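Peer 1: One-letter residues, chain by chain:
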Amino acid sequence: MKKQLTLFASAAILSFTAGAQQVTFEEYDLDNGLHVILHQDNTAPVVTTSVMYHVGAKDEDPERTGFAHFFEHLLFEGTENIERGEWFKIVTANGGSNNANTTDDRTYYFEVFPSNNLELGLWMESERMLHPIINQIGVDTQNEVVKEEKRLRVDNQPYGNILAEVKKNIFKKHPYRWATIGSLDHLDAATLDEFLAFNKKFYVPNNAVLVVAGDIDIAKTKKMVKDYFGPIPRGKEVTRNFPKEDPITSQYEAKAYDPNIQIPAIIACYRTPSFKTRDARVLDMISSYLSQGNSSKLYKKIVDEKKMALAVQAVNLSQEDYGVYALFALPLGSNSLKDILKEMDDEIVKIQTELISEKDYQKLQNQFENQFVNSNSSISGIANSLARYHMLYGDTNLINSEIDIYRSITREDIKEVANKYLKPNQRLLLEYLPKEKTEK
Amino acid sequence: MKKIIFSLLLISAFTLNAQVDRSKQPKPGPAPEINLGTPKTFELGNGLKVLVVENHKLPRVSYSLTIDNPPIAEGDKAGVAALTGSMIGKGSKNIEKDAFNEEVDYLGAFINFGSGGAFAGSLSKYGDRVLELMADAAINPNFTQEEFDKEKAILLDNLKSGEKSVPAVAGRVRNVLAYGKNHPKGEFTTKETVNNVNLQDVKDFYRNYFVPANAYLVVIGDVDFDHVQEQVKKNFSSWTKAVPPSYSYSKPSNAQYTQINFVDMPNAVQSEVAVQNIINLEMKDEDYFPALIANKILGGGAEARLFLNLREDKGYTYGAYSGIGTDKNAPSTFRATASVRNMVTDSAVVAFLDEINRIGVEPVSDEDLRNAKAKYVGDFVLALERPQTIASYALNIETEGLPKDFYKNYLSNINAVTKEDVQRAAKKYFQINNARIVVVGKGKEVLENLEKVKFNGKKIPVMYYDKYGAKAEKPNYEAALPADVSAKSVIQKYITAVGGESKLKAVNSVFITAEASTQGLVLNLELKTTSSNKFAMDMKMAGNSLVKQVYDGEKGYVVQQGQRQDLSGEQLGDLKEQSVPFPELNYLNDANVTLEGVEDVEGKKAYAIKVTDKRTSYYDVETGLKVKDVTKIEQAGQSFEQAVLYGDYKEVGGIQFPFILSQSFGPQKVEFKVKNIKVNEGVSDEDFN
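If you read the protein sequences in the order shown, they are chains A and B.
Residues in the first sequence are numbered consecutively from 687, following the working numbering.
Residues in the second sequence are numbered consecutively from 1124, following the working numbering.
Rather than coming from a laboratory, the hints here were simulated on the basis of the structure.
Keep in mind that this is a model prediction, so the values were computed, not measured.
Some hints here could point you the wrong way.
[What the hints assert, rightly or not] Here are the computed lysine-lysine pairs in the DSS-like style, where the Cα-Cα straight-line distance is at most 30 Å:
| # | chain 1 | residue 1 | chain 2 | residue 2 |
| --- | --- | --- | --- | --- |
| 1 | B | 1496 | A | 908 |
| 2 | A | 983 | B | 1248 |
| 3 | B | 1671 | A | 1045 |
| 4 | A | 993 | B | 1663 |
| 5 | B | 1671 | A | 992 |
| 6 | A | 941 | B | 1663 |
| 7 | B | 1671 | A | 908 |
| 8 | A | 962 | B | 1180 |
| 9 | A | 1101 | B | 1180 |
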């Protein structure tokens, strides 16, 4: 009898430990349309206040690219109640840290504070949403900053323009075709009125999600959220109607030149569906299988064993409307771009014709599970995931359930998806070459 | 039910009445409480205590095994602990090393070991297997001669690379002077002590000290207490019960009066300065929080006084900090430290003493106190997110004899510290009248002024120590040089040794190709110089240029990883002076070129010739050949030294050229072997475009 009891107990434990991750959250809308997500975790007295706005580079006027990223800078310039230059001082004097970032799909602002400064964080974000100061001084200052950032991070960076070249060549109609940082000429030509209009159109509560995560009291937090964000007027509804891309039926070929490099790069890119789809997640797995870590297939073969390449990488750049699956390599010594491409293609053909081994499959599952779990190990990471899953995927609970999708992916799925998206006639072949050579 | 309605009413009433005044920045609420969760505990028969913190938020688990032994004196076998630590975890008696590592990878887990414990983490579903692997490797280590030899070689290599490191010497001497060299916290590892260790010593050390009597296993994460108990019993019960041998040590004491303890290191480009005294402080002491805050204000970060004074205001250093330690078994230290420029060593010492003195005699300002607390709270709080932090806190409560609610009240205790508390703690723990000011630096450049340092009107005595903290004589810089040697005679001897002035003057260009391999990669070097001050250097890897430097006699540029930068000012001058095949021809009549003394270069005596403030060249006393060039590089307030060693001289066209060029930058060293040298051929003006 006793033995049976322990058996029963250990069975219960098994099912318990295999259970799902439990990031609990509560979500609701304010009257002005602001979506609010609260995540309470009192383990550590840390609170993250963050706002994600559904505006990114793809929302820009094709003649005014770079606006979304520009705003990420502009909106630290001050508000009606926070003087210019004070933003960062307030954050450090209260034991906090803050930052912001922009993609093609959204712009994200956040502060991390000890939890007794929750009200301060809410006040700051509500100030930014309600009445930021947008004037010529701020525009001129940030214009210089952004120029410097572009020089530093893109123009002077070896291979810094690859992504821009890939986007330009693989997207013909959709606004993913321009770089997130945009055009400095467009920014120079922009008038103050245009900046004000952009703010009015996109920086409105009904186009945003507020996340408060960490050591909070739900009832008190709700009240504070209402106090600070409730009075912000609703804006006009934001509608998006982006043109759809025609399928690629024969291989695109392109060349680009970079004065900062000496070793050419070959990039094979495939256009893939939105990150909301299951197929995009299968492609994530394929990308890890091929190039994550020193025991991955491409790395082991091309870099480690054959020593044909200095580096090789497979990346699945997933976005809201489309993704790009890119295989990237830098040849070593006398190996040509063509030689490398052949090696990469051979591996893809293998995935298309054979199932990956059971052991590799299980290792892949372990890797994904680890990544997934660790991406939720900090409160600020959780806040970002909650905002993203709500705004871009339309399902906040993916923070807990997305791993189930990955778990459900089979070896057969991997083979099938590789066949569906990774055909040579569906791709862009980009040769990214040193600039000097072409001039001579 | 009634209560609920009431509170609902209360909330809605609140929202109606309360209008926030958004024109005012909200004030922080009361300091948050820390809810770490109380660990559940149990103990095995062998003495292992286990703390379990269940946290089901994420499906992962971490295990940390800590053996809380009192400090261990390793004596003439110092290094045995480090060797034991690095040999645990190389598989076990039951599983091969490779199979062990592969399985850990496959599970996506990690397991690390040391001589005092282990730390592991994984997804909770693999938690049992990871615990099993960790326990097996910890309890059944496979100590083999092969692994021992490998780890010993690595340890000796590390010691060797630290031999000339000024910070490494400073670290060692500080501890020797604070605790005494026979105290476990003062002893140090050398080549000799490592060579005294054999495999049996490692086995003995393991058997004596890697024992469960003082051991704690902290389990945090998505686990069930009963299940953990079962698994720990299964895996750790075979760990043999034992208590480590106990020792008693002499009790270190502070200096009787404040003094400078100087260690001469001729290769120092910066002085390592530490103002230190030993203290007796435990976490459970009443003074703990005041002492923390006092240190935070004095030197606890980039907002603290030392940093603001020595870096921001005076620019003596890249950073100046202070730290205060706690230890339940032995004394610990208060220490304020910085690496400062040679020229300002004495001024930096004075600045340190001023700040340490000030915080003891003047109450801190309200703002200082407020900002220190805010920063403390912020740092403390943000660190709490890491499971390691939580594990170490749970452990501290057990091992440091702290009340159970110690961390729960941590922030309110921080916030309760007053100005008076800060001053009292500063006086008590920062002992301005019994401090050792340990300075490790280049005596020739810093001693003269250091001996003049006064504090509170009194001269501070200077005492001398060697690199191991033993008393030494005051260095004498005069005696080493024979009277008949001058800079000119050294240069002349070199010129004669390599082939004579007329041969050197006939050289219009030199073209050197050399090759080195580092970390499995081959580097190719091409160097071209001409007598008309032109210079070109190209370093390539696998046919691709890594660094290229060109100087055409007037203009110069560098291309690094594809980025071109034109040189100007100082950089250009530096290049110009080196852009001839034999710069020594110009040194002969240069009054700024001076003989500095005799120094050791790779075990041989060499004359040090200072060419400029930035560059010193060394010439072998016996052969006259150039053996080393040292260039000082300043970057972002830090000084670095870059050295090139020359060796294996061979004749080309009647002139002796070095065929080995080894370049070092910090601890890294790359040895180039010359493949080919062409004199007066293979170089054209186009090479310098």
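Peer 1: Taking the hints in turn, state whether each one holds.
Peer 2: Hints and how they fare:
Of the pairs offered as hints, the one joining residue 1496 (chain B) and residue 908 (chain A) holds, with about 28 Å between alpha carbons and a cut-off of 30 Å not exceeded. Taken as a hint, the residue 983 (chain A) and residue 1248 (chain B) pair is honoured in the structure, with Cα atoms around 26 Å apart against an allowance of 30 Å. The straight-line distance between the Cα atoms of residue 1671 (chain B) and residue 1045 (chain A) is roughly 47 Å, outside the 30 Å bound, and the hint therefore fails. For the suggested pair residue 993 (chain A) and residue 1663 (chain B), the alpha carbons sit about 17 Å apart, so the restraint of at most 30 Å is met.
Pair hint residue 1671 (chain B) plus residue 992 (chain A) holds up; C-alpha atoms about 28 Å apart against a cutoff of 30 Å. Distance hint between residue 941 (chain A) and residue 1663 (chain B) is fulfilled; the C-alpha atoms sit about 26 Å from each other, no more than 30 Å. The straight-line distance between the Cα atoms of residue 1671 (chain B) and residue 908 (chain A) is roughly 61 Å, outside the 30 Å bound, and the hint therefore fails. For the proposed pair residue 962 (chain A) and residue 1180 (chain B), the alpha carbon gap of about 25 Å is at most 30 Å, so the pair holds.
Annotation: proposed proximity of residue 1101 (chain A) to residue 1180 (chain B) is violated, straight-line Cα distance about 34 Å (limit 30 Å).
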